[in-house]
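First to last, the sequence lines map onto chains A and B. For what it's worth, the working numbering labels the leading residue of the first sequence as 1, then goes sequentially. For what it's worth, the working numbering labels the leading residue of the second sequence as 1, then goes sequentially.
Treat the hints as calculated values from the structure; they're not laboratory data. Each residue gets a CB set at the ideal place from its N, CA and C atoms; glycine is no exception. Worth double-checking, as some hints may not be accurate.
[As the list claims (entries may be wrong)] What follows is a set of in silico ranges between Cβ atoms, one per label pair, in the way DEER data are often shown:
#, chain 1, residue 1, chain 2, residue 2, range
1, B, Arg41, A, Asp68, 43 to 53 Å
2, B, Leu229, A, Leu34, 21 to 31 Å
3, A, Glu61, B, Ile52, 34 to 44 Å
4, A, Thr79, B, Asp113, 21 to 31 Å
5, A, Asn5, B, Arg41, 38 to 48 Å
6, A, Thr79, B, Gly224, 29 to 39 Å
7, A, Phe32, B, Asn124, 14 to 24 Å
[To be verified] Part of the chain B face toward chain A, derived, beta carbon under 10 Å:
#, residue
8, Asn47
9, Ala51
10, Asp54
11, Ile68
12, Thr72
13, Ala94
14, Thr95
15, Lys110
16, Glu142
17, Val160
18, Gly206
19, Glu219
20, Glu220
[What the hints assert, rightly or not] Below are the DMTMM-like pairs computed for lysine to aspartate or glutamate, each with C-alpha atoms no more than 20 Å apart in a straight line:
#, chain 1, residue 1, chain 2, residue 2
21, B, Lys185, A, Glu29
22, B, Lys110, A, Asp30
23, B, Lys185, B, Asp215
24, B, Lys223, A, Glu27
25, B, Lys110, A, Glu27
26, B, Lys119, A, Glu27
27, B, Lys44, B, Asp54
28, A, Lys48, B, Asp92
29, B, Lys185, B, Glu219
30, B, Lys59, B, Asp88
31, A, Lys48, B, Glu219
32, B, Lys185, A, Asp30
33, B, Lys119, A, Asp68
34, B, Lys185, A, Glu27
35, B, Lys119, A, Asp11
36, B, Lys185, B, Asp139
37, A, Lys48, B, Asp139
38, B, Lys132, B, Asp92
39, B, Lys185, A, Glu35
40, B, Lys110, A, Asp68
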Amino acid sequence: MTIQNVRDLDDMMRAYYQPWLAGMPEEFEDFFFLERQPISVSHRYGQKTPIDAPGLTSGMEAMARNHDMTFIRNFSFATAVHAR
Amino acid sequence: MGELPTGLKNDFEAPYDDILLEALEDDPNSIKIVKLSDLERIYKMKNRGSAIFDIVNPKRLFIDDEYIVSRTLQQGVHKKHVSLRMEDPQIDQATYVARYCGLGAIIPTKDGDDSWSFKMSLANQDAAFSTKHTNLGFDVDENGIKLGVCNGETIWIFMVPDDYINSVCSAVPPGTSSGPPHMSKIRYRKFLLFLAKCLEQLHLYGIYCRDPYVDASMEERFKGVTNIL
Chain A
1 MTIQNVRDLD
11 DMMRAYYQPW
21 LAGMPEEFED
31 FFFLERQPIS
41 VSHRYGQKTP
51 IDAPGLTSGM
61 EAMARNHDMT
71 FIRNFSFATA
81 VHAR
Chain B
1 MGELPTGLKN
11 DFEAPYDDIL
21 LEALEDDPNS
31 IKIVKLSDLE
41 RIYKMKNRGS
51 AIFDIVNPKR
61 LFIDDEYIVS
71 RTLQQGVHKK
81 HVSLRMEDPQ
91 IDQATYVARY
101 CGLGAIIPTK
111 DGDDSWSFKM
121 SLANQDAAFS
131 TKHTNLGFDV
141 DENGIKLGVC
151 NGETIWIFMV
161 PDDYINSVCS
171 AVPPGTSSGP
181 PHMSKIRYRK
191 FLLFLAKCLE
201 QLHLYGIYCR
211 DPYVDASMEE
221 RFKGVTNIL
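Sequences and hints are given; from them, build the entire structure.
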């Protein structure tokens, strides 16, 4: 998918979800969907992206470029270090 | 993977006479002990038998002579405090949670990035999702579906309570997972019907959905109305 495809699908999911719920016939209804919404989660383990200063490394730059934080509710990360 | 070790034991378990018993809080006879120097040796030798044995039979770690500065050398140490130096910090896990319904977790900052890619792959749901080290704010308990891979990151959709999205309930503590992440087969098909309808309306990839409310308990009927899989 292209970035534009993803943006369009994101808009469509938000626009169509409530109408989809509203149109559910009785035999299809599921409380699971009625009180929930589909949100995306991006998850990656073991990338070992260096975070050494000064400035952002290429890995960190890619992370910042690939996620528009205005669309993000929360971001969590774990660091690994060599302890001496 | 190679051969799995069958005889599990750790030959490096320290004899009780070899350690300072006053350092132990519990009954020394009930505790298996391994020296830190031996643990390092086991690691370097890649002794899988011992490593697995130690996981199954947890031990107390004892800091032994090899890691203690001798009294003669201590005279040359003027610093009062022991320091721990952390080097080479790396991000080893990252998780982004979208703010609203939709694909917010993978919306990039800029358009026109040739290196950006998202491959939707809905058929294979074998992937695991670990909440370890994550702070999702909600419980993944049978709420998820793996959507695909974007720039090396695994993308999931989780059905999250409205109260969480509207911030009217407290967030679930980090790492919480009271059940497996995958939603049931029927709910998976129901969600795919919704997704297929979205893709149909966008005229993307020839995907169609003739009935977004077909009986999802019947695989044949599901496959009869959509080609999303």
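Now the hints, each set against the structure:
{"no.": "1", "hint": "B:Arg41 to A:Asp68: 43 to 53 Å", "verdict": "holds, 49 Å"}
{"no.": "2", "hint": "B:Leu229 to A:Leu34: 21 to 31 Å", "verdict": "holds, 25 Å"}
{"no.": "3", "hint": "A:Glu61 to B:Ile52: 34 to 44 Å", "verdict": "holds, 40 Å"}
{"no.": "4", "hint": "A:Thr79 to B:Asp113: 21 to 31 Å", "verdict": "holds, 26 Å"}
{"no.": "5", "hint": "A:Asn5 to B:Arg41: 38 to 48 Å", "verdict": "violated, 54 Å"}
{"no.": "6", "hint": "A:Thr79 to B:Gly224: 29 to 39 Å", "verdict": "violated, 49 Å"}
{"no.": "7", "hint": "A:Phe32 to B:Asn124: 14 to 24 Å", "verdict": "holds, 23 Å"}
{"no.": "8", "hint": "Asn47", "verdict": "violated, 22 Å"}
{"no.": "9", "hint": "Ala51", "verdict": "violated, 19 Å"}
{"no.": "10", "hint": "Asp54", "verdict": "violated, 20 Å"}
{"no.": "11", "hint": "Ile68", "verdict": "violated, 16 Å"}
{"no.": "12", "hint": "Thr72", "verdict": "violated, 22 Å"}
{"no.": "13", "hint": "Ala94", "verdict": "holds, 4 Å"}
{"no.": "14", "hint": "Thr95", "verdict": "holds, 5 Å"}
{"no.": "15", "hint": "Lys110", "verdict": "holds, 7 Å"}
{"no.": "16", "hint": "Glu142", "verdict": "holds, 9 Å"}
{"no.": "17", "hint": "Val160", "verdict": "holds, 5 Å"}
{"no.": "18", "hint": "Gly206", "verdict": "violated, 13 Å"}
{"no.": "19", "hint": "Glu219", "verdict": "violated, 16 Å"}
{"no.": "20", "hint": "Glu220", "verdict": "violated, 17 Å"}
{"no.": "21", "hint": "B:Lys185 to A:Glu29", "verdict": "holds, 15 Å"}
{"no.": "22", "hint": "B:Lys110 to A:Asp30", "verdict": "violated, 38 Å"}
{"no.": "23", "hint": "B:Lys185 to B:Asp215", "verdict": "holds, 12 Å"}
{"no.": "24", "hint": "B:Lys223 to A:Glu27", "verdict": "holds, 19 Å"}
{"no.": "25", "hint": "B:Lys110 to A:Glu27", "verdict": "violated, 43 Å"}
{"no.": "26", "hint": "B:Lys119 to A:Glu27", "verdict": "violated, 33 Å"}
{"no.": "27", "hint": "B:Lys44 to B:Asp54", "verdict": "holds, 15 Å"}
{"no.": "28", "hint": "A:Lys48 to B:Asp92", "verdict": "holds, 5 Å"}
{"no.": "29", "hint": "B:Lys185 to B:Glu219", "verdict": "holds, 10 Å"}
{"no.": "30", "hint": "B:Lys59 to B:Asp88", "verdict": "violated, 29 Å"}
{"no.": "31", "hint": "A:Lys48 to B:Glu219", "verdict": "violated, 41 Å"}
{"no.": "32", "hint": "B:Lys185 to A:Asp30", "verdict": "holds, 13 Å"}
{"no.": "33", "hint": "B:Lys119 to A:Asp68", "verdict": "holds, 19 Å"}
{"no.": "34", "hint": "B:Lys185 to A:Glu27", "verdict": "holds, 17 Å"}
{"no.": "35", "hint": "B:Lys119 to A:Asp11", "verdict": "holds, 18 Å"}
{"no.": "36", "hint": "B:Lys185 to B:Asp139", "verdict": "holds, 19 Å"}
{"no.": "37", "hint": "A:Lys48 to B:Asp139", "verdict": "violated, 26 Å"}
{"no.": "38", "hint": "B:Lys132 to B:Asp92", "verdict": "holds, 12 Å"}
{"no.": "39", "hint": "B:Lys185 to A:Glu35", "verdict": "holds, 19 Å"}
{"no.": "40", "hint": "B:Lys110 to A:Asp68", "verdict": "holds, 8 Å"}
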